[in-house]
Each structure stands twice: as C-alpha cells, then as structure tokens.
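K.L.:
From first to last, the protein sequence lines stand for chains F and W.
So the first sequence is numbered by the working numbering: it starts at 6 and just counts up by one.
So the second sequence is numbered by the working numbering: it starts at 290 and just counts up by one.
In short, the hints are calculated from the structure, not lab data.
These numbers were taken from a predicted model, which means no experiment stands behind them.
Even for Gly, the Cβ is constructed at its ideal location relative to N, Cα and C.
With a Cα cut of at most 27 Å, we get these calculated DSS-like pairs of lysine-lysine:
no. : chain 1 : residue 1 : chain 2 : residue 2
1   : F       : K112      : F       : K158
2   : F       : K124      : F       : K172
3   : F       : K124      : F       : K112
4   : F       : K158      : F       : K106
5   : F       : K124      : W       : K490
6   : F       : K106      : F       : K124
7   : F       : K124      : F       : K158
8   : F       : K112      : W       : K490
9   : F       : K106      : W       : K490
10  : W       : K490      : F       : K158
For the chain F half of the interface with chain W, some residues (derived, Cβ under 7 Å), not all of them:
no. : residue
11  : L57
12  : P77
13  : R78
14  : F86
15  : N88
16  : A90
17  : Y92
18  : H94
19  : Y103
20  : V107
Cβ pair distances, simulated, as ranges:
no. : chain 1 : residue 1 : chain 2 : residue 2 : range
21  : W       : G495      : F       : A19       : 26 to 34 Å
22  : W       : Y387      : F       : K124      : 29 to 37 Å
23  : W       : L479      : F       : K124      : 36 to 44 Å
24  : F       : A19       : W       : Q476      : 21 to 29 Å
25  : W       : R582      : F       : L173      : 31 to 39 Å
26  : W       : F361      : F       : E114      : 42 to 50 Å
27  : F       : A137      : W       : Q581      : 20 to 28 Å
28  : W       : E409      : F       : V71       : 57 to 65 Å
29  : W       : F361      : F       : A19       : 56 to 64 Å
30  : W       : E409      : F       : L173      : 54 to 62 Å
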Amino acid sequence: MASIAIRGVRKAYAKNAVVHGVDLDIASREFIVILGPSGCGKSTLLRMVAGLEEISGGEIAIDGRVVNNLEPRERGCAMVFQNYALYPHMTVAENIGYALKVAGVPKDERRRRVEATAKIVGLEAYLDRRPAALSGGQRQRVAMGRAIVREPKVFLFDEPLSNLDAKLRVAMRAEIRRLHRRLGATSIFVTHDQVEAMTLGDRLVVMNGGRIEQVGSPAEVYNRPASRFVASFVGSPAMNLMEGTIDRHGVFVYDAERQIPIPATLDARLVGHKVALGVRAEAARLVEPGTAGSIPATVDFVEELGAGRVVHTDLDGLSFAVSLSTPNVMPAGTPVGIAIDPRDVHLFSIETGLRIEFAAGIAAPANSN
Amino acid sequence: MVERTPIFNAICQFILLVGLIVALLPFAIVIIASTHDIRAVNIVPMPLTPGSHFLDNVREAWHRADLGHKLFNSILFATAVAFGKVALSSMAAFAIVYFRFPGRSILFWAIFLTLMLPLEVRIVPTYAVAANALAPFQAILNVTGINWLIHAVSGIEVNLQWGLLNSYPGLILPMVATATGTFLYRQFYLTVPDELAEASKMDGSGPIRFFWDILLPLSRPNMIALFTIMFVWAWNQYLWPLLVTTDPSFGIAVTQLKTLIPSEFGLPDWNVAMAGTLVIMAPPLILVIFMQRWFVRGLISTEK
Numbered sequence: 006m007a008s009i010a011i012r013g014v015r016k017a018y019a020k021n022a023v024v025h026g027v028d029l030d031i032a033s034r035e036f037i038v039i040l041g042p043s044g045c046g047k048s049t050l051l052r053m054v055a056g057l058e059e060i061s062g063g064e065i066a067i068d069g070r071v072v073n074n075l076e077p078r079e080r081g082c083a084m085v086f087q088n089y090a091l092y093p094h095m096t097v098a099e100n101i102g103y104a105l106k107v108a109g110v111p112k113d114e115r116r117r118r119v120e121a122t123a124k125i126v127g128l129e130a131y132l133d134r135r136p137a138a139l140s141g142g143q144r145q146r147v148a149m150g151r152a153i154v155r156e157p158k159v160f161l162f163d164e165p166l167s168n169l170d171a172k173l174r175v176a177m178r179a180e181i182r183r184l185h186r187r188l189g190a191t192s193i194f195v196t197h198d199q200v201e202a203m204t205l206g207d208r209l210v211v212m213n214g215g216r217i218e219q220v221g222s223p224a225e226v227y228n229r230p231a232s233r234f235v236a237s238f239v240g241s242p243a244m245n246l247m248e249g250t251i252d253r254h255g256v257f258v259y260d261a262e263r264q265i266p267i268p269a270t271l272d273a274r275l276v277g278h279k280v281a282l283g284v285r286a287e288a289a290r291l292v293e294p295g296t297a298g299s300i301p302a303t304v305d306f307v308e309e310l311g312a313g314r315v316v317h318t319d320l321d322g323l324s325f326a327v328s329l330s331t332p333n334v335m336p337a338g339t340p341v342g343i344a345i346d347p348r349d350v351h352l353f354s355i356e357t358g359l360r361i362e363f364a365a366g367i368a369a370p371a372n373s374n
Numbered sequence: 290m291v292e293r294t295p296i297f298n299a300i301c302q303f304i305l306l307v308g309l310i311v312a313l314l315p316f317a318i319v320i321i322a323s324t325h326d327i328r329a330v331n332i333v334p335m336p337l338t339p340g341s342h343f344l345d346n347v348r349e350a351w352h353r354a355d356l357g358h359k360l361f362n363s364i365l366f367a368t369a370v371a372f373g374k375v376a377l378s379s380m381a382a383f384a385i386v387y388f389r390f391p392g393r394s395i396l397f398w399a400i401f402l403t404l405m406l407p408l409e410v411r412i413v414p415t416y417a418v419a420a421n422a423l424a425p426f427q428a429i430l431n432v433t434g435i436n437w438l439i440h441a442v443s444g445i446e447v448n449l450q451w452g453l454l455n456s457y458p459g460l461i462l463p464m465v466a467t468a469t470g471t472f473l474y475r476q477f478y479l480t481v482p483d484e485l486a487e488a489s490k491m492d493g494s495g496p497i498r499f500f501w502d503i504l505l506p507l508s509r510p511n512m513i514a515l516f517t518i519m520f521v522w523a524w525n526q527y528l529w530p531l532l533v534t535t536d537p538s539f540g541i542a543v544t545q546l547k548t549l550i551p552s553e554f555g556l557p558d559w560n561v562a563m564a565g566t567l568v569i570m571a572p573p574l575i576l577v578i579f580m581q582r583w584f585v586r587g588l589i590s591t592e593k
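The following block holds chain F by itself, in its conformation from the complex (with noise of 0.2 Å):
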C-alpha cells in the first residue's frame, strides 16, 4: 500500500487559477475525505494525482515517487467515477476485465480474478450482463469492481455516490467502508456532501477555493472549525455565526440586549474588536424569553425532522438555529430567549476568517490552515 505526499501543488487553466497551493500528506492505508463546495478544486486535485489533469506547479508523490509525468497507468491508482463510466458495450464480466486485458493477462487468470471480483461486490449474477441491464447501485458495484480487479495502491473516487439515491447512498456507503477494512487501499474520496465525508474519513480535507481550510479528523473538523468557512460548512444546520465585538471584560456583544460572556481570558489585544461568535444549534437551548443571561429572539419558523426539530429564530435580522429534541409547537412571531452555554462558542476573526483559541486560558489565533 502506498502514501502520497502532495507539495505545493497548483493548477491553473490559462491564467485562471483553481487550486493554489496544496500540501497533504497521506498515509498508507489511510481514508481520507476531501470536502467542499462545487468549484474549490477538489476534483481538480484528485484528478491531478490521477494523472487525469497536468500538475501545474508543485508535485505529487505516491510511495516516494513523484509522478507528476507519469501516465495514469504508471501510477498505480484506480479511479470511480460520479457517472461509473462503463462501457455500455461491454458485459459487466467484460467491463471489470476491461484493465486485465489491456495490461495482457492471460485469459485464464483474467477470468478468475473477475470472478473473485464479482464476488466482493456481490455481482457473481451479473457477470453477463451489460451496464444498461443493471440498476443504478449495481452499476456503482461494476465502477468498483473495475477498481478493485487491478488492486491498484491507491483508489480514487469522484462523488461516486451523488448519482444514487438516498438509501441506496447510505447502503453504499456502507459497503465502501466495509471494502476498505477489507483490502486497505489508501484512498481519497471527493465529495460535497458532509454526511458522507463525516461517515467515510479518517480524516477530513475541507477545501475552499483552491485551498484547504482545515485537515482533521471528523470529529476535531466538527468541535473545532479552524475558520469560519469550516464553521458554516460543516454540519447541518449551519453553525449559527453572529459578528459583534468583544468589551473589556471579555463580554461579546451582539447589540444592547444580546450579550454572551466568554470564560476564558482573551488576549487583551481582541478588546474593543470586532470577532465573528459561532453556536451550534444543538449547543442552544431555547428558554423562556426573558430569562436571565439569555438572548431574545423571536421564532420565524420551525424544521420538523421527525427524531428532532430545527427551530429557526429571528435576532432583529439575524436567522439563528436550535436544534430542539422535544417537539413543540411554535407557531411564527412566538418570544423565545436562546440559553447559550460559554463553553460551547467558538470565536473567528472576522480579517483572516481564522479560529481565535481560546479554551486554554490564553487567548491566540490558531495557526493551523
């Protein structure tokens, strides 16, 4: 298996630039996710350590080699594709088989890998097949097995799951985990779509345009945002943000009436600024208007999700979210107060759009990027 050292890589078209600049490292058998918005250059950067895109400026290296020249055949990386790309003329067993011939392995060894391909997917029925014959999660079993037949170091997948629907997504999702506890491939994931990212990765790469925001695990990305891109990015509902500065006794303030204290002693530098405040909506709670450290709100309107509620509030302008776990009936224009908990906020400044640190007693901007 192999690791993949990304050094300042950079692609442009023409002189339009869509990914300035990124440095990962990647360990072997790992499972990374890259996350982000259409257009921020994910795809542009998994297609570049495929070999599928020109390496504008930086390099790629997997397992120590740099390929940045080599042919995607040379580089030991198989790729599933959003639409499978199947050959529509082909059998599924053909399909599969399509690399094992191309690289000239004999017909007999072909057949029996196919064969133990086909039944790692759960297609062994199937193998006669052509791709118009089959549903959409068989076909998305087809792209993979096509993967898995030439059991490339590396697996590359482009939203492979966007074309499915959304019970056959979390099926399949599932058993992608579950093939990659199997075989170990490092792999990179692609996707929009935070639910999968969050399920998949070992760790996750936020991306903005063309950059990378933030390189954590799921669970470090989701508790500790390392930009405000993050923080609205990442979770759903969006994380609630509020801009408002911070008064010499280390008190956030909104506006008159809407004030957080913050438990910690800031870098006295921040006194007198403006930040960006981020709450989670499952971190509020929604208490009786006028209750003592809470912050007046009136209800606009209210999500049901059946296991829980989204309560959307409206802060004289500002739309702020709480999750609510027992249901309740609100009906529109409702005074609420929403209870913040201190420790639950997270601080941004509002220049860089990078994370303030400030739950180890001293306040710093995070370097982290």
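Chain W: place on chain F using the hints.
P.N.:
Quick look at chain W alone, frame taken from chain F:
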C-alpha cells in the same frame, strides 16, 4: 403539432398518398415495361398490366451489357469506397475530437470546406492527379529546383510516374475522402462522455486501444448508417467512373447502362433497357432494406 380533426387527418393522408404515387409511378412503369416483349412495350399507351417476358429481357440485358462483370466491378467499387470512407472519417474525426494539436480547428474547417467542392467541381485536377499520382511531388521537385540539383550532381533525370487510370485504385481512392462522414463521426464522438476516455486511460489503454476497443464498437449504428449511405452514393457515381475507366474491363454497371439504351435508329427495345435498369438498381436496394433493420435497431437500443 397535434390536430385532432378528422378532416385535417384526411387531408394529410391524401397528400401523403399523392406523394407516394408520384414517387412510385416511374418505378412501376420500369417494372411493367421490363416484363413485356418489344412489340407490347411500344404500344401507345403502354399496357399497365405486367407481361410474361421478364426473365427473357433480363437474360438479354445481362448478355448485351456484360452485367456479370460490371456488377462485380460495381460491388467492389462501392464496397471499397464505402468502407474507405468509414475508416478514414472515423480516424480523421478521432484525431480532431480527442487530440489537442496546433491547427486543429483550422484543419477541421478545411475538411469541412471541402463539402463545397464536390468531385464534379474539381474533376480536371483530380483527373490529372489520377493520371499520375506522383505529379504533385514531381511539381514540388521541379519548382524547388531539387530536380535540377539532382540532375546536375548525378546526371539522373527524376521523373516520377504512377498512373492510376484504368485501375481499381484509380476508381476508388479519389472517392474515399469525405467531409460529411468526418462531420458525422465528429458529432458522434462529441456525444461520448469524456469519462469513458478517462476510464480507459485509468485502465491503462492508450489512444489507439481506446479507439479500437471502445469508440468503434460504440459507433456501430453510426458506422452502419454511414456505410449504407455511402455505398448507395458510390453505386450511383457516373462521371468519375466514366472518365477514369476507358478500358471496359474496369467499367461499372451504372455507366454500362448507357449501352442498353436504344439508339436513335436502332431497335426500340425499351423492355431490355428497363430490365437492365432493374438489375442494376437491385443491389443498393437490397442493401438498404437489409441494413435498415440494423441501424434502426442500433438507434433504438441506445445503451446508456
């Protein structure tokens, strides 16, 4: 547009019927005329019921026009031209669609422009080239002075000659290039998802392998349609075969039809001429009927 009035439907049916009759009437006359003897075919007006001399007329036409040999030539010629067109246009379009090289779009538009230059327009230069296929190279040697140089140094006069008149290559090669086919193939390749090319790249196949293993099998309906159209087109060629083959052993059936047409003072045996026409028209007709099944099937089962 869906109109649900019976009168409108009736009008539509009527117009279609008139069109069908106009199209089929000459064909019916050919068939009827080919079944009469020389006396009956010259009665005015011609009888509209078939006679009983069809086989005699065919036999007579076959002998008189040496149709066995000419049909063989025609089939060889049309098959080779259609096959060559499919091969050349599929490869030309492959280069244009899948490779980035300087002058790519200029090249494409240059090919496209040749649509405006059918064979009839460039028949004289094409004939000159066919008379000596190496003439353009000879001209380059002469104009650049290389010929003079070679003569001065070695005393050898370079004189390139490769005549294609009265040969199968001469008949076929000038017909093989096709802008229509290239354009058709280009449009087809543009509908093939890029991911397929990328997947095959990841599977380790190079461009030629991709072309052979993936693109050609996928283009089968396209290929059959192009082959059929081009076969019929080549079969009906008249001017070029007439010009390039003065030796009767390379003549094709369509030009041979002329020998069956009664001359001004000869016997007006139109029955034989019509029988010959039917025989000559049969092969492309059979091909279209046979191939139609294939390309309709190909078009219906679009595998996605």
